[in-house]
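*Asks:* Using the sequences and the hints, build the whole thing.
Chains A and B supply the protein sequences, listed in that same order. Each residue of the first sequence is one higher than the one before, starting from 1 at the first, in this note's numbering. Each residue of the second sequence is one higher than the one before, starting from 390 at the first, in this note's numbering.
Hints are all accurate, no fakes.
Part of the chain A face toward chain B, derived, beta carbon under 10 Å: (1) L63; (2) P82; (3) N159.
The set of hints was computed from the structure by calculation and includes no laboratory data. Quick caveat: nothing in here was measured; it's all calculated off a predicted structure. Even for Gly, the Cβ is constructed at its ideal location relative to N, Cα and C.
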Amino acid sequence: MKTTEETTTAGGGDVRLTGISKTYGDFTAVHPLDLTVPQGSFFALLGASGCGKTTTLRMIAGLEEPTSGTVHLGDQDVTALPPYKRPVNTVFQSYALFPHLDIYENVAFGLRRRGIKSVKKQVEEMLELVQLGEQARKKPHQLSGGQQQRVAVARALINHPKVLLLDEPLGALDLKLRRQMQLELKRIQTEVGITFVHVTHDQEEAMTMADCVAVMNAGRVEQLGTPADLYENPRTTFVANFLGTSNFIEAEVDATSGDDIVLKAGGGKLVLHRSRASAPATTGGKILAGVRPEKISLTHADDAGRIPEGRNRITGRITESSFIGVSTQFVVDSPVCSDFEVYVQNIDRDPRLAPGAEVVLHWNPAHTFGLDAAQDIDAGVETVEEEVV
Amino acid sequence: MAFVNWFKRNVVVIAGLLTLAYLLLPNVVVTVFSFNRPKGRFNYEWQRFSTDAWRDPCGVSGLCESLGLSLQIAFWATLGATLLGTMIAFALVRYRFRARGAVNSLIFLPMAMPEVVMAASLLTLFLNMGAELGFWTILIAHIMFCLSFVVVAVKARVMSMDPRLEQAAQDLYAGPAQTFLRVTLPIAAPGIAAGALLAFALSFDDFIITNFNAGSTVTFPMFVWGSAQRGTPVQINVIGTAMFVIAVLLVLVSMAVGNRRKRQKA
Numbered sequence: 001m002k003t004t005e006e007t008t009t010a011g012g013g014d015v016r017l018t019g020i021s022k023t024y025g026d027f028t029a030v031h032p033l034d035l036t037v038p039q040g041s042f043f044a045l046l047g048a049s050g051c052g053k054t055t056t057l058r059m060i061a062g063l064e065e066p067t068s069g070t071v072h073l074g075d076q077d078v079t080a081l082p083p084y085k086r087p088v089n090t091v092f093q094s095y096a097l098f099p100h101l102d103i104y105e106n107v108a109f110g111l112r113r114r115g116i117k118s119v120k121k122q123v124e125e126m127l128e129l130v131q132l133g134e135q136a137r138k139k140p141h142q143l144s145g146g147q148q149q150r151v152a153v154a155r156a157l158i159n160h161p162k163v164l165l166l167d168e169p170l171g172a173l174d175l176k177l178r179r180q181m182q183l184e185l186k187r188i189q190t191e192v193g194i195t196f197v198h199v200t201h202d203q204e205e206a207m208t209m210a211d212c213v214a215v216m217n218a219g220r221v222e223q224l225g226t227p228a229d230l231y232e233n234p235r236t237t238f239v240a241n242f243l244g245t246s247n248f249i250e251a252e253v254d255a256t257s258g259d260d261i262v263l264k265a266g267g268g269k270l271v272l273h274r275s276r277a278s279a280p281a282t283t284g285g286k287i288l289a290g291v292r293p294e295k296i297s298l299t300h301a302d303d304a305g306r307i308p309e310g311r312n313r314i315t316g317r318i319t320e321s322s323f324i325g326v327s328t329q330f331v332v333d334s335p336v337c338s339d340f341e342v343y344v345q346n347i348d349r350d351p352r353l354a355p356g357a358e359v360v361l362h363w364n365p366a367h368t369f370g371l372d373a374a375q376d377i378d379a380g381v382e383t384v385e386e387e388v389v
Numbered sequence: 390m391a392f393v394n395w396f397k398r399n400v401v402v403i404a405g406l407l408t409l410a411y412l413l414l415p416n417v418v419v420t421v422f423s424f425n426r427p428k429g430r431f432n433y434e435w436q437r438f439s440t441d442a443w444r445d446p447c448g449v450s451g452l453c454e455s456l457g458l459s460l461q462i463a464f465w466a467t468l469g470a471t472l473l474g475t476m477i478a479f480a481l482v483r484y485r486f487r488a489r490g491a492v493n494s495l496i497f498l499p500m501a502m503p504e505v506v507m508a509a510s511l512l513t514l515f516l517n518m519g520a521e522l523g524f525w526t527i528l529i530a531h532i533m534f535c536l537s538f539v540v541v542a543v544k545a546r547v548m549s550m551d552p553r554l555e556q557a558a559q560d561l562y563a564g565p566a567q568t569f570l571r572v573t574l575p576i577a578a579p580g581i582a583a584g585a586l587l588a589f590a591l592s593f594d595d596f597i598i599t600n601f602n603a604g605s606t607v608t609f610p611m612f613v614w615g616s617a618q619r620g621t622p623v624q625i626n627v628i629g630t631a632m633f634v635i636a637v638l639l640v641l642v643s644m645a646v647g648n649r650r651k652r653q654k655a
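*Replies:* Here you go:
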């Protein structure tokens, strides 16, 4: 799994992992993986806890020795270098600020260790960047969580690393502060232009902040791409479920005509564009047809005649509806899928759409994606719930 | 009735003051009697005020020699026990090795063992080895029994230390030596200091083990004990009072420094 921009290696700042793996005794935390993080990008490693994302990050930092493979920073092979000789810095989970030093000395730590004598100007500038100029002489425990987090970022960034590694840096903050810090980090990254590698289990965080996301599962990269690409074109059920919500219909390939694949499911026909099927479609073979809840329109069965031609349609009965404000979320029981989720924007609310109503679900065939039917439909679902709790 | 109400309102303060008095009364007596001019050899009855003993604290033969020896032994015992104890504590917390659990409990054994038993067995050991009793046997014994206390104090501190702090230091270009000096040691310092203070106090006033293993050497506690048989010179009270005052002054100074630092930071 390499990014498309192989050519940027010439720029000298890419992080290149080649066949890197980590095993602890019998347990394989990271299966051999290849990954290139382009210079200057905001890259996210996304996955549930225990998927190997933090181990991967720590191997880049040098805090974990890879069992196999190499780590390159630009053209330099750093695999054998100890952490204190690598031009990378880390923002640790729960920050790991030095409790016996004040904020100023925490930020100056890296500079001083490299024998730089006049640190004052740089430290003050850095504290200004993270808006903590006033707090320079306080000890870490006197600051709030958000402030501590910014100190941790400043302490790492002041060294102008080639890569900044962030290990769940927002995990300890409450939701509101987390949103704020997401924007803040994104702003800092744009301002300093350093490559950020961000580890998180929060799919929303990864999607808001990163230019490129690698979704990891059980020590492997499941899929790599831009947030929009991952969301619209998931290639596995894990990615489809881990990023947002997906509805799946187990279907059989009825026919293929040109760019379209015609599927048969529960007596109805669905159309899937060939370019959006990540599994080979042979007539008579199985395929999982997926569609995101917000792509679906809901029409009362009485008005079924008004649905335009050429849309994928499914009939069903509403079992639940919950009003969220901007949208209403419905759960629909249909012959092909017992709990179809549908999000409808609250533009013109049809009062007939209530639990018990017979409805037709319909969507643009272009919004259907096809996955290999031989996988677990619920992969990635439970893990998400676990993390939310 | 008024008195009962007053008593009810102030009962906590009264209890507190009584407890404090209970704790400090012996010190007060020692201090007061350091200004006594006793009739005869025993300083047990108040006669009249005098500063004779304060003007000549070394006036009793052997007293200041024994005090010097005790301070010397306490210093070296503290140094030895703190160094070894700190290393043991780090080893026990940081490394996984065979018999780690056993070592962990064995290290506490000297604390639980009755001192007199330990003293007797140490003497047996020294005699069997043909060691000459004196400064060195005392020092070896003191380092041994102080060690457990240092390990306990330092271990608690090292255990509560986040290992990520050291990783963060390494990540910020500090090599192993720098990491230890700049991060590990300063964070463990309060535990090490507590262990060292404890070791000093234990070594300085130890009597039982020292008495068994001293041979003809006389430490300060042994001198006090010896003189108590034949009469107690006032100078013992002078030394006692002086040590108490020095300890109190040290505490006050460290508190003042701490307060000033805190105010500067705020």
